[in-house]
Amino acid sequence: MVMVNLLQAVPQTSLWRRLQEEGRLLEGSTASDISSRGMNFIPTRPAGEIMEEYLQGTERLYEPTAYMNRAFQAILRIRPTRRARGQDENKGPTVPAPPDFRQKITKSRGLAGLLKLIWRQGIRPPYRWQFWRQLIGVIQKNPSRKIRYLNYCGLGESLFAYRRTVRKNLASTLRGSPLEG
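Residue 102 in our numbering sits at position 102 of the sequence shown; the count goes up by one each step and never skips.
Hints in this document: simulated from the structure, not taken from any laboratory.
Check each hint, because a few of them may be wrong.
Pair by pair, the computed Cβ-Cβ distance ranges are [stated by the list, open to error]: (1) Thr13 / Thr165: 36 to 42 angstroms; (2) Leu111 / Thr13: 19 to 25 angstroms; (3) Ile147 / Ile123: 18 to 24 angstroms; (4) Glu52 / Ala74: 42 to 48 angstroms; (5) Lys107 / Ser158: 45 to 51 angstroms; (6) Gly137 / Gly28: 47 to 53 angstroms; (7) Leu111 / Glu21: 24 to 30 angstroms; (8) Gln20 / Ser158: 20 to 26 angstroms; (9) Asn69 / Arg109: 25 to 31 angstroms; (10) Asn69 / Gly110: 21 to 27 angstroms; (11) Ala74 / Pro11: 48 to 54 angstroms.
Each computed EDC-like pair below joins lysine to aspartate or glutamate, with the alpha-carbon atoms no more than 16 angstroms apart [claimed, not checked]: (12) Lys168 / Glu52; (13) Lys168 / Glu59; (14) Lys116 / Glu63; (15) Lys168 / Glu22; (16) Lys168 / Glu63.
Backbone N, C-alpha and C define an ideal beta-carbon position, used for all residues, glycine too.
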């Protein structure tokens, strides 16, 4: 997974003190919300240019079809589990533990999460066919990693939402940015 962020000067760090000495630290700003506020200091390059590059990066990296393709390729590169390869370390007989209340809750949450993921990626969006093709591909080529693939898809939902937030918030920041470098 790839994560990109704008640089923030965290209070009481060497960077914070240096920017403060140089008069480039923006007073009253904190490193709390990168997606809407941008940087908390005046950069040496034009801030609008940096934020535009950040916006383009998040648009490109977290575009759903591109992200899902990277997740699929990553899963295909991971070797199957030891159990799937017949190399399970636990050679002795196992006695299944009796299900307890926590296991039932975990399973019901997992099922709810799976249904939500199927709705959000397998039914509603225009890239739904990609979701199904890739899920079938994982089941055929690396079935022991299907849960991990679905987890990657679920993580993608958070990244897609982050992409929308960055797009919305930085667009207004770019229009009236007090950061000039």
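Verification of the supplied hints:
A C-beta distance of roughly 26 angstroms is found between Thr13 and Thr165, which places it outside the suggested range of 36 to 42 angstroms. In this structure, Leu111 and Thr13 break the distance hint of 19 to 25 angstroms, their C-beta atoms being roughly 44 angstroms apart. At roughly 20 angstroms, the beta carbons of Ile147 and Ile123 sit within the given window of 18 to 24 angstroms. Between Glu52 and Ala74, the C-beta spacing of about 29 angstroms breaks the proposed range 42 to 48 angstroms.
A beta carbon spacing of about 22 angstroms between Lys107 and Ser158 contradicts the range 45 to 51 angstroms that was offered as a hint. For Gly137 and Gly28, the hinted distance range of 47 to 53 angstroms is satisfied, since their beta carbons lie about 51 angstroms from each other. Between Leu111 and Glu21 the beta carbon distance is about 56 angstroms. The supplied range of 24 to 30 angstroms is therefore violated. About 34 angstroms separates the C-beta atoms of Gln20 and Ser158, a value inconsistent with the hinted range of 20 to 26 angstroms.
Between Asn69 and Arg109, the C-beta spacing of about 28 angstroms keeps the proposed range 25 to 31 angstroms intact. Taking 21 to 27 angstroms as the suggested C-beta distance range, the pair Asn69 and Gly110 conforms, at roughly 25 angstroms. Range check, Ala74 to Pro11: about 36 angstroms between beta-carbon atoms, so the 48 to 54 angstroms window is missed. In summary, the hint linking Lys168 to Glu52 is supported, as the alpha carbons are separated by about 13 angstroms, within the 16 angstroms threshold.
Among the hinted pairs, Lys168 with Glu59 is consistent with the structure: their alpha-carbon atoms are about 11 angstroms apart, no more than 16 angstroms. This hinted pair does not check out: Lys116 and Glu63 have alpha carbons roughly 19 angstroms apart, beyond 16 angstroms. Our distance criterion of 16 angstroms between C-alpha atoms is broken by Lys168 and Glu22, whose separation comes to about 32 angstroms. A distance of roughly 15 angstroms separates the Cα atoms of Lys168 and Glu63; the hinted pair therefore holds under the 16 angstroms criterion.
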